[in-house]
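Asker: Given next are the chains, with one letter for each unit.
Number of protein chains: 2
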Amino acid sequence: MENGKRPKVVIVGAGLGGIWAAKVLANAQVDVLLIDRNNYHTFLALLYQVAAAELQPENIIYPIRKIIRELPNVSFLMAEVENIDCEKKLVKTSREEIAYDYLILAAGSDTNYFNIPGVEEFSFPLKTIDESIFLRNHIISIFERAVEEHDEIKRKKMLSFVIVGGGATGVEFSGALSELVHRLLLKDYPMLDMSLVKVYLLEASDRLLSAMPENCRDYTAKHLKMMGVNVYFNAFVQRITKDEVYLRDGGLIQTETVVWAAGVCGVSFAKKLELKKTPDNRINVLPTLQTVHYENIYTAGDLAYLIDEEVGRPFPMVAQVALQQGALAAKNIMRHLNGEPLESFKYNDLGSMATIGRHLAVAKIGKKTYTGLFAWLLWLVVHLIRLVGYRNRVIVFINWMWNYFIYERAIPLIYPSKTAPNSKKNI
Amino acid sequence: MENGKRPKVVIVGAGLGGIWAAKVLANAQVDVLLIDRNNYHTFLALLYQVAAAELQPENIIYPIRKIIRELPNVSFLMAEVENIDCEKKLVKTSREEIAYDYLILAAGSDTNYFNIPGVEEFSFPLKTIDESIFLRNHIISIFERAVEEHDEIKRKKMLSFVIVGGGATGVEFSGALSELVHRLLLKDYPMLDMSLVKVYLLEASDRLLSAMPENCRDYTAKHLKMMGVNVYFNAFVQRITKDEVYLRDGGLIQTETVVWAAGVCGVSFAKKLELKKTPDNRINVLPTLQTVHYENIYTAGDLAYLIDEEVGRPFPMVAQVALQQGALAAKNIMRHLNGEPLESFKYNDLGSMATIGRHLAVAKIGKKTYTGLFAWLLWLVVHLIRLVGYRNRVIVFINWMWNYFIYERAIPLIYPSKTAPNSKKNI
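Going line by line, the protein sequences match chains A and B.
Okay, so the first sequence: first residue is 1 according to the numbering used here, each after it adds one.
Okay, so the second sequence: first residue is 1 according to the numbering used here, each after it adds one.
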């Protein structure tokens, strides 16, 4: 750096925060290295549609190298980050050690199991493409097995699906699952009594979509119920076993499928980092997004913990915050390099939305709220625009129209059970 | 059967033979059960395009339950067939035992490794969706690793790809791989010297596409060479290790990737069956497609071995034979039930075709042969028509046009490395 070498910025994580940071740093007088464990970026907002067989996995992921083709000073390393030596300014990866001058940690979040017994072992998280494929396979497999299950009690247990957590993921997935079962699978399994199928949505508080205004929350609960989803409020999961969900109030649901959408925490590798963190493993940052002890380490997105002074609560772990923080971290690095004062994070809240089912959604934009068909169309347009890649947009649009007009979901197949047919050849 | 019960026909395998048999038996006075290990039918002719990142896996598979929705007397069981008790007329599956009156074995073929040392252990077969995904992941991973490999000899070994077998699969895949590397990956890995990439096609005889007329064979070899594929004739593989291919003539190729497309044999479960078989595990059938000792057991497709008396050679293991044999087996069962004489198999050869690359293909239809753009367009149309499912056709068409005009393949992503993120939950 001192001797004229261009400063090196390493970005950990190619989610929205990492990608936006890279875009801001493109063409600046720095060398940027983006590191991710996968060679693709995932559009997390549509994972639930993959799990519900509405979209195919490839539709919502995009190759990182294709994104950075337009960014001449950005390169990519596919590797798992193992640790960071903040003193020596080194990122230790599964492949090699990388030196940095500036670091942006944008590695996102993992599912939070809250140490509730059995949850990590027996429930299905829904945070990655792998997990969404695995959940879909599990659901379709259950129907294949239920056809041949002659014990009514066992069949009823198989056909009970429990979703824990009434945030956007839980709401969207329970609606999508209900439609999958009662509209599509109905045709493929005419021998099954679909009235045996029960979808439960368990929420620990007294409200769904807690960030939404009351009219949207009520609309959501009412329509989910109309779609056959059993919405339970104040339902605390105490323990999960292979076959049962135990609730704190003594309730018991027999099921083989618990989808855990009850919360997230900082990614697990962050545990090892010698940085100031919250109990749920998020990194405390200054308003400039710098970490508390290292001015050259920034954190953006779900992994960053920062109190929004205006409302006295931390900024939410949502896409827009990640994207805006990624951009600000990059800008602040450039300001730092230029000796300019750094700026504090200001969240430009563009609103939020959630889809419940076919032409049913809720949206809040500014002070206004929308429900029903208009909100659903808005949801479609916003998600199509945000999807990376023109071909993805075209194919997702066709899929959605097909689902809508022909009422056939994408292929409800049980995906190849192993991508490594010959494990001896595993790299 | 005697007491008025409808006869039960069990079909093992939902490939072309099995599906066509089920279609012929639809609406007949029989109950049909189709058994397959997967819940989807695979269009095998396009597997190589999945491996070469031209198409996504879902584009070429189709749910079996969706196919049989229109067939009222056909049901489906997803299970692995383990054995058959021909005397007691029972199919033993991983799920349950199934009694049959008539049986159609249409379970297809497996890769034939010819007991050559190291081949099964270290080469990549290309016969299933799983295998095509795995091969694609391996190829893209190699490029990701090659970027960080600073030892030139190791990098050269990584970037050498060997395809064994100059039949349709070997020809089509080596052409597609060459285009993937020299046209698409070139853009994503500008830091790699692509002249280090070598694609070898090894053929044990002196000709590619041996069933084709000479002009098509010559055209194929010439254009593959122009595309940078090193075509070696009379090249016998003697042994494969993790890093090397040893040829009988003393030749040695250092590589991490050997794609084995040198031959097929009857599916492995057929080994256990007490039926007359060939050394390569195919079941000998009478011209009526009945097995030699059991008149109620029929075999169709790759698994059936029958000499074509007109040419003195067995019928080829190709899609059209499978489809026509599946239909004939079903018709002969109906004739048998009605006390009518059975018919012998007559192959209606509709021709054959293979694609080499972008607007390069060869086709033989009747006595006529076609090469180049016209053959390629013919190939596109025929394969689009044969693909099951309207949505698949639309999306494959868009993908092909996109590849053609924009020269961007579908996503060259490294697919989720495990579909079971939490192995404890494996069913």
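Treat the hints with care, as some may be off.
One copy or two, either will do: identical chains are not told apart, so a pair holds if it fits within one copy or between any two.
Derived pair list, reagent style BS3-like, types lysine-lysine, alpha-carbon separation capped at 27 Å [said to hold, decoys possible]:
1. K154 x K92
2. K271 x K198
3. K198 x K66
4. K346 x K66
5. K187 x K8
6. K23 x K187
7. K66 x K277
8. K242 x K187
9. K127 x K154
10. K5 x K127
11. K187 x K88
12. K331 x K225
It is worth saying that the hints were derived from the structure and are not from the lab.
Asker: When the structure is checked against the list of hints, which entries are broken? Sort them ascending.
Answerer: Checked against the structure, the hints that fail are numbers 2, 4, 7, 8, 9, 10, 11 and 12, while the rest are satisfied.
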